[in-house]
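> For the sequence shown, position 336 matches number 336 in my numbering, and the numbering has no gaps at all.
Hints listed in this document are in silico derivations from the structure and should not be mistaken for laboratory results.
Just so you know, not all the hints are guaranteed correct.
Have a look at the derived ranges for each label pair, beta carbon to beta carbon [unchecked claim]: (1) 163 - 229: 41 to 47 Å; (2) 158 - 248: 32 to 38 Å; (3) 366 - 230: 41 to 47 Å; (4) 225 - 196: 55 to 61 Å; (5) 255 - 283: 30 to 36 Å.
Even for Gly, the Cβ is constructed at its ideal location relative to N, Cα and C.
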Amino acid sequence: MPDPNRPLVELTRPETGDPFFAPATITMAATATPAPGRQITRVEFIGSGDAPGSGLIGTDTTAPYTAQWSALPAGEYALTAWAYDNAGAVRNSMTVLVRVHPPSERRQAPYVSVVRDQLWGVDPIVEAAAPRRLAPLARTGAESRCVHGRGIWDGPVDADAVSRLVSRGVQAVYLPLNEACWLGLPYVPPRYRGEPYQQEVTAYVHRLRAVGITPIVALAWSHGRYTGPGATCRDERALCAKPMPHATYAVDFWTSVGERLGSYESIVFDLFSTPFPDRAIDDPALAWTCWRDGDGACSALGYPVIGMQALLFQTQRHVPGVLLASGLNGGSDLSRWAAYRPFSGTYNLAAAWRPTTPGDCRRPPTLTQAPVVVTVACQ
């Protein structure tokens with residue numbers, strides 16, 4: 001019969017389900033308590049699984065009892081501690097099961113969601129949640145070059161370029177897109193419109209996701225014949241930035257983006273990157289009403305406008321992830337964002353803010369009602 005006075009032993013580290021990434025080093029720790037009048041002489045740590053060298057991993061004779069198992073490849077592992085006392089009695093702990101993931105899985109971008117006034121990211125591999133601060137670098141070019149027949153990106157977007165972003169610690173990349181290039185409208189050169197453009201953007205988005213970088217996909221250049229203050233072109237085509245999204249084309253754009261990318265909760269979507277209806281509408285209350293409601297409140301802009309509320313409603317039907325709504329003055333004014341905040345039935349809406357001057361490193365505004373995502377990194 002087993003000695004009724006056997007020691008008590010518990011493997012306290014790691015815990016069942018703890019994640020590791022190859023090549024992994026697992027540190028094991030145990031507590032061992034002898035029966036009255038006896039002493040613990042040693043604790044042995046036993047491991048089994050998908051690595052050579054399974055069996056006795058290490059022995060410790062003094063508390064705290066620890067051992068390490070190193071250079072483990074991807075696989076499943078079972079860990080146990082055995083305690084021995086000076087009377088020869090022995091007892092084993094409960095078995096702990098852990099998984100070592102391939103190194104490529106470490107960097108998958110987290111699922112992003114709004115939790116009150118913060119963004120949180122949930123790791124898709126280890127299912128651990130943590131606040132997710134996004135201060136993205138911008139990969140520009142896709143909003144402007146395609147429509148002028150000069151390519152798509154203003155710099156490299158291949159795997160090596162993405163690896164360099166990882167080495168710099170970049171957590172997010174902002175991607176302003178062109179409505180006409182994505183939708184394939186006929187005035188865009190065929191090489192850069194429709195399917196070729198969508199494939200390029202989609203491939204880059206997935207390269208970023210695969211290494212743990214959050215892509216922020218934004219509608220930037222859009223339709224609308226705007227000739228008022230701040231106009232940089234007087235053409236209704238998507239040849240420059242317009243003050244608000246077009247009532248028809250913006251909905252078509254987000255419907256199509258949702259069909260292509262909407263199933264990935266690791267992507268954040270900015271409804272319209274730089275609204276500036278306030279440059280044509282002097283009354284701040286009316287400018288914010290235009291921003292939220294569109295239609296007649298935006299008559300000063302001279303083209304049919306969809307407001308953030310309707311655009312949010314239409315977009316979240318196709319894009320279940322986090323959506324951003326940029327403020328006035330090109331995104332730098334959030335002064336009345338809370339008062340005019342669009343209602344989101346999914347509660348996955350955040351404010352987007354960008355400084356008026358590139359490189360402005362002032363602390364961004366905060367809102368108690370929603371997270372604020374800075375969409376241009378401070379340089």
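> All hints, please: hold or fail.
Going down the list of hints, with the structure as the test:
1. 163 - 229: 41 to 47 Å: holds (43 Å)
2. 158 - 248: 32 to 38 Å: Distance hint for residue 158, residue 248 holds at roughly 35 Å.
3. 366 - 230: 41 to 47 Å: Check failed, 27 Å falls outside 41 to 47 Å.
4. 225 - 196: 55 to 61 Å: At roughly 27 Å between Cβ atoms, residue 196 and residue 225 fall outside 55 to 61 Å, so the hint is violated.
5. 255 - 283: 30 to 36 Å: holds (32 Å)
Of the numbered hints stated above, those contradicted by the structure are hints 3, 4, listed in ascending order.
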